[in-house]
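Protein chains: 2
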Amino acid sequence: MSSETSAKDPLVIFTPSGKRGHVSAGTTVLQAARDLGVDVDSVCGGHGICSKCMVRPSFGDHSKHGIHADAEALSPVNAVERAFDEKRGIKPGHRMSCQARVLADVVIDVPAESQVHKQVVRKAATTRVIEMDPATRALYVEVVPADMHTPTGDWERVQEELKTSWQVENIAISLAMLTKLQTALINGKNAITLALNSAHDGASKVVGVWPGFHEPALYGLAVDLGSTTVAAHLTDLTTGEVKASGGVMNPQIRFGEDLMSRVSYAMMNPDGAAEMTKAVREALNQLAAELADEAGIAPEDIFEIVVVMNPVMHHLLLGLDPVPLGQAPFALATNAALDLPASDIGLSLAAEAQAYILPLIAGHVGADAAAVALSEAPQKQDPLTLIVDVGTNAEILLGNKARVLACSSPTGPAFEGAQISSGQRAANGAIERIEIDPVTKEPRFRIIGVKQWSDEPGFDRKIGRTGVTGICGSGIIEAVAEMRMAGVLDANGLIGGPEATGTTRCRATGRTYEYVIYDGSAQGGPVITVTQGDIRAIQLAKSALYAGARLLMDEFGVDTVDRVVLAGAFGAHISPKHAMVLGMIPDCPLEHVTSAGNAAGTGAQIALLNRASRREIEALVHEITKVETAIEPRFQEHFVNANALPHATDPFTGLRELVPLPEVNFNAGETGGGGRRRRR
Amino acid sequence: MSSETSAKDPLVIFTPSGKRGHVSAGTTVLQAARDLGVDVDSVCGGHGICSKCMVRPSFGDHSKHGIHADAEALSPVNAVERAFDEKRGIKPGHRMSCQARVLADVVIDVPAESQVHKQVVRKAATTRVIEMDPATRALYVEVVPADMHTPTGDWERVQEELKTSWQVENIAISLAMLTKLQTALINGKNAITLALNSAHDGASKVVGVWPGFHEPALYGLAVDLGSTTVAAHLTDLTTGEVKASGGVMNPQIRFGEDLMSRVSYAMMNPDGAAEMTKAVREALNQLAAELADEAGIAPEDIFEIVVVMNPVMHHLLLGLDPVPLGQAPFALATNAALDLPASDIGLSLAAEAQAYILPLIAGHVGADAAAVALSEAPQKQDPLTLIVDVGTNAEILLGNKARVLACSSPTGPAFEGAQISSGQRAANGAIERIEIDPVTKEPRFRIIGVKQWSDEPGFDRKIGRTGVTGICGSGIIEAVAEMRMAGVLDANGLIGGPEATGTTRCRATGRTYEYVIYDGSAQGGPVITVTQGDIRAIQLAKSALYAGARLLMDEFGVDTVDRVVLAGAFGAHISPKHAMVLGMIPDCPLEHVTSAGNAAGTGAQIALLNRASRREIEALVHEITKVETAIEPRFQEHFVNANALPHATDPFTGLRELVPLPEVNFNAGETGGGGRRRRR
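Residue numbers (the UniProt record's numbering), protein chains in the order written: chain A, 1 to 680; chain B, 1 to 680.
In case anyone wonders, no lab produced these hints; they're calculated from the structure. This one's a predicted model, so the numbers in the text were calculated from it and none came from an experiment. Honestly, I wouldn't trust all of these hints.
Identical copies carry no separate label here, and so any pair may be met within one copy or between two of them.
[As the list claims (entries may be wrong)] Taking lysine-lysine pairs in the DSSO-like style, the calculated list, with each CA pair at most 30 Å apart, reads:
1) K243 to K163
2) K626 to K577
3) K91 to K8
4) K626 to K8
5) K91 to K19
6) K243 to K626
7) K577 to K91
8) K626 to K163
9) K163 to K64
10) K189 to K626
11) K451 to K52
12) K64 to K8
All chains should be modelled from the sequences, with the hints used to inform the complete structure.
Below is the structure:
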């Protein structure tokens, strides 16, 4: 330690950090690293068991650092290292930092794999680096044997050792874990491995116990619990690697498609809220089990779950009454982040698994919006950034370094393919991309799982067994936008008839028209069309989205934004151009519109893997200005104006320079009829 | 506040505390009391609802204090007080301290019933004063209504108010309580009453929620969980009043009479420990339900339980493995005090009831010994005090201000009336006092429930339906001691025959003799005798007790003690003289031997009613020197020497001056035979 060492003591320089300092001769390299604040991993606490602390000493002249390191600068390879090398192998040139002792000036390189706070790069639309500092970790301790003359309990001896070896204090243990600890100490001959959850600042909890040295499977689940879709990533908490990802439909849909209909269900049925709570908890358990199975682990290996969700889902998952959220003042039972046993919310994971629930921003702006803020960090941006998280309930944030605003808007499930006649979730066979020729009005499309476009050679062969099954969320956005650009759909959202549009793909169905994208009936497959009803559903959804964004822009005092980020469970797949043609987002140079993927899910993942981010978002939510769309009179006005494609009053000048937006109108006499015709 | 006030401000003097200070004119008397550190109760937090804060202003000349108080020194009686007076009445001369404001110099008397830290005098053998400062208390708060523009949750608004009005922070709430809080806030129109448990320093937990102002029934259970007997007091946590007391047999007896046989049972049977855990938890639930019924409350009104017990019972109650306690080094799973949800140990009390388990001293010296230390406080005594807590497992403490030693000794259940042929628990009909005439060898006795002695007029009529049923623990001690003093029992513990003793009450039974105390056979009742087997059981028990005490005396380096305190579930009933004749305790002037009643139970009660005492005992256990009787070679030697009545080698000079100890010997030829005769 610096207080006990002098310039005469050996100088140790760690790379790549560049941290340096004098240590007493004979200090282990691991201890030197700790004293100098250098990040070197160790699971066994310096007992020469785990091999996590390998370092590469660098001998010779180091003119850059002004020292010369002899090969004798470290103590010779000892028996522990030789034994380990024989059994499991040590890479050439490497030493166990807990065994090698500093005898003279030396330079020590810490390879990336030996650093605790490894940086994990997420494989996603936006490349993001998350510094690994999860709440759950494994620690190995060897305790002094029980001695009847100093009769401290097993747990007290373990705590003493955790304090000495790992500097961890203030640890809680359940009776169940204490029982396991008793047995593990006997079977492990006073050596045990503990899993600790240190989610709260300074307070930890024992969540797993094993005899001897053990490298437990420690997994975490990051969940974006949406009104329609539940998406989750299963991650190895030791490496940060995502081992499985997946989603299920939210089974609460059977109680109501949108949030307010679920609140109504709770209001009208005495056990309604409890039923919905049970359903969503079961879905989470099922999803956890499926992902665990896919990753080849047991659900009991999941020690942590982080959930982000809107306020209604929040209350329903936690078993709180959602009814107060149905009307002003939208009183939340709690808006703070929660750290609670996963079993308290009915989850069957590790017995002592912990759940972390991100804080809510306001009565209608949830933990999912907080997660988007955590992921996209508008508060750190110079350009004024609009973030739109598309879902059944959209989370919208607008801000920059000066100020961040947030609201949520009830878009309904149309963008998730629900309420759409040929809608389906994003799976093999679903149309995800579409183009309509502005002259011939003929479509070409691509389906999930097949690389070729529908007019390219080999498409028919490739679609094989699956066939073309429907349209997913991003597909319907493109379809409607392409219909508008091709002139088969007017600005009011009316589909033209065959005479007016010049194509038989526009055909009558009842009193309105539909546009046929694909007719698989000859092969026994579906006929996939966009109906007038589909257009209306999309118009309602996009108007709500745009009105929410406009409200934030009013509040900010701007008419334009510098950047737009499209996010959502399928955010990565939305085409910015098509979204803008629909008028989902304000006019903005297309190159400034980016896709962030499932930003809420990413936020959950960040909170899972990095403890500091939890404190960050808990602080940030208090800085965000909340705008309540439900009681803001201008929302209705914005909503009505946003009904047109792209917009009734906002000019969308930039967009019009890029794409054709034919001035057709299918409502008037000779141009042919549309949805509003009286009779036919 | 002093920092904002000056000598020109009104002077307030509180009696009886004598605390005084200047406050700004217009300050309420309650606020003045808080500012000056005067103990004035308030449940409603100054809202004029609870009437707990009544004070008696004292007007006129106060030469003692050097002030004159006008009748106008306080603000006039206001509307809140008038309304309360009409509805529930205010005593003449009293004011609500939260309503009355200080306008000029005044003297205010705080009656005892308005003090929070009331002192409660226990009705017990030793008069003890416990300052009321229980962990559980009720607080009333009025919160600001939900406001969507500052969208904090219900719980956050309640926390804010608790911080402002009650200076309570760091409060945890379960999801179940949060749900109740939601509803209570609505029903109580933003006013609620909370029950908080603040057992840990600085950390609290919500344990109850009611709408509006409510004075909840808050009860606590103090339990002395012995190997043979479970004793408990049910106490009103608001007043400190004991509402019901009672006991049940420990159902674990069916698995083994003493602790080591229970450990063996756990060792030999895979589910043995779990069976015993289940049995004792059920017994506690049953006892709680019975006492609640007796007190006219529901078990759900019990918000706290404090349990003291020896280490084996400790592990068995908590569901920990007791097997390591069966052999050296007697490794405890934990020795620290525990604060955990009562439901974690299977108790059906209030849903959020908390359990506090006193710390253990060592592998064989338990929380019951700690409770005795808390109750009897040897560390605060000048005279060297020996405390003997008599039970199936005896807790023995020896100490003074300089040092405290502790051990436990496996006496077996003889002193609790088990293993005694006519033994029974202390209930109506049991012989509790006995005298034997040294000349006629005739006994007279008293039974529980009847005032008269057996030779007094009216006894036969009074015993009525119950009859004479057996001998309780204190009765058997007196019987054996009286037999020794009357010369029907020799120093080796042999009962003499009719010829040798000159009484037909000594009669043969098999190869030994027994002494007939009562023959009820003519009335169809029992014949109550003391058999040679009973004597042997008492000898084993008392030898273990004495040997333990001697071991502590050796360790302390003394041959005598200044004081002896006899404690135990029936400690209050043991006659010091008879205990000394048996040689249960060392020779000591009889006036220095006192009975403390159930000291362990009292310790539990202290810990229940006063939080500071928990910290006190948690610190004290680390200062106590533990002596392990099981591995101390001298224990065996002391045990053998203590077999004689009163002792083979210790002179008991003081005792011999007070009582006759005839030099009879029933082992030799012509004086008649005893238990050790070869043949008859």
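Hint check:
1. In the homo-oligomer, the alpha carbons of K243 and K163 never lie at most 30 Å apart, since the shortest distance is 33 Å inside one protomer and 45 Å across protomers.
2. For the identical chains of this complex, K626 and K577 are intra-copy neighbours only, at 29 Å inside a copy versus 80 Å across copies, given an alpha-carbon limit of 30 Å.
3. Taking identical chains as interchangeable, the C-alpha atoms of K91 and K8 are never at most 30 Å apart, the minima being 32 Å within one chain and 82 Å between chains.
4. Taking identical chains as interchangeable, the C-alpha atoms of K626 and K8 are never at most 30 Å apart, the minima being 60 Å within one chain and 48 Å between chains.
5. Only within a single protomer do K91 and K19 lie at most 30 Å apart by alpha-carbon distance; the minimum there is 24 Å, versus 75 Å between protomers.
6. Taking the closest pair of Cα atoms, K243 and K626 never come within 30 Å of each other, the shortest separation being 36 Å inside a single copy and 53 Å across copies.
7. When the C-alpha separation of K577 and K91 is checked against a cutoff of 30 Å, the pair qualifies neither within a copy, at 52 Å, nor between copies, at 80 Å.
8. Taking CA atoms no more than 30 Å apart as the test, K626 paired with K163 passes between copies only; the shortest distance there is 25 Å, against 43 Å inside one copy.
9. Taking identical chains as interchangeable, the C-alpha atoms of K163 and K64 are never at most 30 Å apart, the minima being 38 Å within one chain and 57 Å between chains.
10. When the C-alpha separation of K189 and K626 is checked against a cutoff of 30 Å, the pair qualifies only between copies, where the shortest distance is 26 Å, while the shortest distance within a copy is 57 Å.
11. In the homo-oligomer, the alpha carbons of K451 and K52 never lie at most 30 Å apart, since the shortest distance is 43 Å inside one protomer and 79 Å across protomers.
12. Proximity of K64 to K8 under the C-alpha cut-off of 30 Å is restricted to the intra-copy arrangement: shortest distance 20 Å within a copy versus 73 Å between copies.
In summary, the numbered hints that this structure violates are 1, 3, 4, 6, 7, 9, 11.
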